[in-house]
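Participant: This is what each chain is made of:
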Amino acid sequence: MTSLAKQLARDWFGGLGRGTLLCRDIAVSLMKVKPVWRDVVYQMYFIGVKSQMVVIITGMFTGMVLCAQTYFQFHRVKMESATLAVVSVAMGSELGPVLTGLMVAGRVGAAIAAQIGTMKVTEQIDALRTLAAHPVDYLVVPRFLAMVLTMPLLTAESIALGIGAAYLVASFLLGINQADAWHQMVRHTDDLDILRGMIKTFIFGLIIAVVSCYKGLTCNQGAVGVGLATTEAVVYSSITILITNFFLTMFLNTLLQ
Amino acid sequence: MIEVRQLRKSFGDVRVLNGVDFSIEKGQAVTIIGVSGGGKSILLKLLIGLITPDAGEIFIDGQNITRMDERELLKVRRKFGMLFQSAALFDSLTVEDNVNFLLRREGRTTPAEMARRVGEVLELVGLEGTQKKMPAELSGGMRKRVGLARAVVYRPEIVLYDEPTTGLDPIAADSIDQLISRVVDKFKVTSIAVTHDMRSAGRISRRILMLHEGRIYADQSPEDIFKSNDPVIHRFVNGIADPIGKTSLV
Chain A
1 MTSLAKQLAR DWFGGLGRGT LLCRDIAVSL MKVKPVWRDV VYQMYFIGVK SQMVVIITGM
61 FTGMVLCAQT YFQFHRVKME SATLAVVSVA MGSELGPVLT GLMVAGRVGA AIAAQIGTMK
121 VTEQIDALRT LAAHPVDYLV VPRFLAMVLT MPLLTAESIA LGIGAAYLVA SFLLGINQAD
181 AWHQMVRHTD DLDILRGMIK TFIFGLIIAV VSCYKGLTCN QGAVGVGLAT TEAVVYSSIT
241 ILITNFFLTM FLNTLLQ
Chain B
1 MIEVRQLRKS FGDVRVLNGV DFSIEKGQAV TIIGVSGGGK SILLKLLIGL ITPDAGEIFI
61 DGQNITRMDE RELLKVRRKF GMLFQSAALF DSLTVEDNVN FLLRREGRTT PAEMARRVGE
121 VLELVGLEGT QKKMPAELSG GMRKRVGLAR AVVYRPEIVL YDEPTTGLDP IAADSIDQLI
181 SRVVDKFKVT SIAVTHDMRS AGRISRRILM LHEGRIYADQ SPEDIFKSND PVIHRFVNGI
241 ADPIGKTSLV
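Here the protein sequences line up with chains A and B, keeping their order. One point on numbering: in the working numbering, the residue at position 20 of the first sequence is 20, and numbering is uninterrupted. One point on numbering: in the working numbering, the residue at position 170 of the second sequence is 170, and numbering is uninterrupted.
Because the hints were derived from the structure by calculation, they are not lab data. Mixed in with the good hints there might be a few duds.
In silico lysine-lysine, DSSO-like type, Cα no more than 30 Å apart, as pairs [to be verified]:
id	chain 1	residue 1	chain 2	residue 2
1	B	Lys75	A	Lys32
2	B	Lys186	B	Lys75
3	B	Lys188	B	Lys227
4	A	Lys50	B	Lys133
5	B	Lys132	B	Lys186
6	A	Lys34	B	Lys188
7	B	Lys132	A	Lys34
8	B	Lys79	A	Lys34
Predicted, not measured: the structure shown is a model, and the values here were computed from it.
With the sequences and hints as input, model every part of the structure.
Facilitator: Next up, the structure:
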């Protein structure tokens, strides 16, 4: 049991160290090597455009269900007009960034880990290195830049659609007074709520890119190795997002008041 | 010139290389032979800095590459071309983009010049007109030829071949051997091949190094290796296994 604990601790700290070295390599690459913007734009297309359906459905239905559930509770105490305000604050600072992060981790994080992992097991990454290309410059940095640039846009879209869908549900299904609900929403939603959400989503993008690229680059041999790397990329990205979200909420609420 | 001194490499408890020493002059065509799993491919990857040794030194034109970080190694690797056992073509790129990968990344060659050089090397390997094909559309032998074209298009000084004929039928293997010889003659490169195919070793090189028990066991011409009475060399060259239960070559 002790040796198993030692092994787990060694693996965990080893992984943390290698992840930190990858972050250092990304920082060095960003400072020293000019990114290939054609690759960054392609990755932005892959991450942003190809994630539209997932982000739209997640944002809209989360806003709709949140609106309905809030209304059912608030209706009992005659506070229906505050429904959209709750939806807007929750979507802007918590649900928008977190759910977009989780969906992108599932769709894009898995794809990144699988692409890089397959390249690793088929010696394509070694081939890159023999052709004087650093894998971090060629594979990681374009995905990293694309992810941190695209995630805030996707999250903003998700928040806007969530609030829009909630407004439609509130107006046409639940019969809430439109003008009153809108007024309350604008009154209680602060710019800082949205700013907190945008800061969070930027950090979530960074987490997904680093974890997924790391899992791909350190993938073990064979189909099993690629499968495991893909699963771990999604699981570790999602867990890290959820844990980080709590600390970011506490920190940002203190910092941005 | 390549100089290797007391190179050691282990994986876990398994010591793969245990003090390898040799040097290769510029323009030489050398083959490294030895049993499967004996560390030949590891030695090749050490020479180009894809993995780091546990001990020992590797000098490429006087530069000790064992003390370099990855970014310094990138400059040294510009001198190398490498043909992988699996060809390792980038499967999301066309043949043309695979072959001109380094030229495109460097950005110093005009598109017209790149197209001309890609056409020239593809013609050299007998695959003219395949520029727009994807690697998945090619056979194993064709992939190796594209891999060879990619390894020589930017005129490296040293070309490494990892098991160039493994997995190919005898005719495809012969054509790869002829191509390797043609590359050596045309570009005057230093050529280092790793193989356990003795026919191929005799055809593509003028010097053979035999790796045995983690060390260079023999360093002779192909003719001397084929005529050798040394039991280890004789058994390997003629493919004679130990009786089952006795000590193996490894």
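Participant: Against each hint, give a clear statement of whether it holds in the structure.
Facilitator: Results of checking the hints against the structure:
1. With a CA separation close to 15 Å, the supplied pair Lys75/B and Lys32/A stays within the 30 Å bound.
2. Under the criterion of a C-alpha separation no larger than 30 Å, the hint pairing Lys186/B with Lys75/B is consistent with the structure, at around 24 Å.
3. Of the pairs offered as hints, the one joining Lys188/B and Lys227/B holds, with about 28 Å between alpha carbons and a cut-off of 30 Å not exceeded.
4. Annotation: proposed proximity of Lys50/A to Lys133/B holds, straight-line Cα distance about 26 Å (limit 30 Å).
5. For the hint pairing Lys132/B with Lys186/B, the CA-to-CA distance comes to about 26 Å; that is within 30 Å, so the pair holds.
6. For the proposed pair Lys34/A and Lys188/B, the alpha carbon gap of about 34 Å is over 30 Å, so the pair is violated.
7. For the hint pairing Lys132/B with Lys34/A, the CA-to-CA distance comes to about 28 Å; that is within 30 Å, so the pair holds.
8. A threshold of 30 Å between alpha carbons decides the hint, and for Lys79/B with Lys34/A the separation of about 23 Å falls inside it, so the pair holds.
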